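Peer 1: Listed below are the residues making up each chain.
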Amino acid sequence: AQKVTQAQTEISVVEKEDVTLDCVYETRDTTYYLFWYKQPPSGELVFLIRRNSFDEQNEISGRYSWNFQKSTSSFNFTITASQVVDSAVYFCALSEASTGANSKLTFGKGITLSVRP
Amino acid sequence: DTAVSQTPKYLVTQMGNDKSIKCEQNLGHDTMYWYKQDSKKFLKIMFSYNNKELIINETVPNRFSPKSPDKAHLNLHINSLELGDSAVYFCASSQVQGYNEQFFGPGTRLTVL
Numbered sequence: 001a002q003k004v005t006q007a008q009t010e011i012s013v014v015e016k017e018d019v020t021l022d023c024v025y026e027t028r029d030t031t032y033y034l035f036w037y038k039q040p041p042s043g044e045l046v047f048l049i050r051r052n053s054f055d056e057q058n059e060i061s062g063r064y065s066w067n068f069q070k071s072t073s074s075f076n077f078t079i080t081a082s083q084v085v086d087s088a089v090y091f092c093a094l095s096e097a098s099t100g101a102n103s104k105l106t107f108g109k110g111i112t113l114s115v116r117p
Numbered sequence: 001d002t003a004v005s006q007t008p009k010y011l012v013t014q015m016g017n018d019k020s021i022k023c024e025q026n027l028g029h030d031t032m033y034w035y036k037q038d039s040k041k042f043l044k045i046m047f048s049y050n051n052k053e054l055i056i057n058e059t060v061p062n063r064f065s066p067k068s069p070d071k072a073h074l075n076l077h078i079n080s081l082e083l084g085d086s087a088v089y090f091c092a093s094s095q096v097q098g099y100n101e102q103f104f105g106p107g108t109r110l111t112v113l
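From first to last, the protein sequence lines are chains A and B. Residue numbering for the first sequence follows the working numbering, starting at 1 and increasing by one per position. Residue numbering for the second sequence follows the working numbering, starting at 1 and increasing by one per position.
Because the hints were derived from the structure by calculation, they are not lab data. Small disclaimer: the values here were computed from a predicted structure and weren't measured. You can trust all of the hints, since none of them are fake.
Far from chain A by the CB rule (all over 12 Å, computed), these chain B residues:
#, residue
1, D18
2, K67
3, E82
In silico lysine-lysine, BS3-like type, Cα no more than 30 Å apart, as pairs:
#, chain 1, residue 1, chain 2, residue 2
4, A, K109, B, K40
5, A, K16, B, K40
6, A, K38, B, K9
7, A, K70, A, K3
8, A, K16, B, K41
9, A, K109, B, K9
10, B, K41, A, K3
11, A, K38, B, K41
12, A, K38, B, K67
13, A, K38, A, K109
14, B, K67, B, K22
15, A, K109, B, K41
16, A, K109, B, K19
17, B, K52, A, K38
18, B, K67, A, K109
19, B, K36, A, K109
20, A, K70, B, K41
21, B, K44, B, K22
22, B, K36, A, K3
23, A, K109, B, K22
24, A, K3, B, K40
25, A, K38, B, K19
26, B, K44, A, K70
27, A, K38, B, K44
28, B, K22, A, K38
29, B, K52, A, K3
30, B, K19, B, K9
31, B, K67, A, K3
32, B, K71, B, K19
33, B, K44, A, K3
34, B, K22, B, K9
35, B, K40, A, K38
36, A, K38, B, K71
37, A, K109, A, K3
38, B, K40, B, K22
39, B, K36, A, K38
40, B, K44, A, K109
Where is the CB? At the ideal position from N, CA and C, for every residue including glycine.
Work out the full structure: start from the sequences and follow the hints.
Peer 2: Below, the structure is given as C-alpha cells:
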C-alpha cells in the first residue's frame, strides 16, 4: 500500500530564510510518481511538481528546488529566500503506476508553512 | 477560462437534507475525481471516473453518489447529510490515469448544522 509521511506539521520562518519541507514515501511499485501541491490561505490546490521514479535529477524552479532520493524514499522541497506569499499548506503526494486506471493520489497530511515579515 | 469549476463554493445546510455539488472541467481530460478535505486539512480521494465510468470508490458511505453525465462533468450528490460530512470537497481532473498531474477545482465548503 502506498503511504506518504510529512513528519513536520508546522514550520515558521522569517522572510528570506531558506526552508526545507520533508516528504518520505512508501511503495512497492518500481514505477511511481511524486507530487507537491501548495494550498494557500485562499484554499485552492496548486500543482507545483510531478516526478517519476526513474528521474532522480534534482529540479530547480526559481526559488523552489526538489531533492528526490530513492535510497531514502524521500522527495524534499526547499524554498530559498522565503517570502510571505509562500505561507501555505504544502502537500506531498504519491501515485503508483501499476494500478493503471485505478491509480490515485495518496496525500501526506500537509505541512503548514508560515513566513513572517 | 476556469479549468475546473465547482458550484457552489459554500453550502450550509441542516442535518438530514440532500444536497448536490457540481463540477465541470474544460481541459478535455478523461478522468475526474472527488476528494474530501477534513478540518485537519487531510485530503482523501472519494471517487474517480474515467470516461463516465466509476473506477475508484474508496469505501465512501452510499449516501454519497457521484454522477457523470459526460466526461466533462462529475457531480456529487449527498443524501441524509450528517454533521461529519462537514468538510471541503474538491473536484479534480487529469489526463487518463491518476498518475498524471491532477488539476483541482476551487473547492466547496460544506457545513452541516
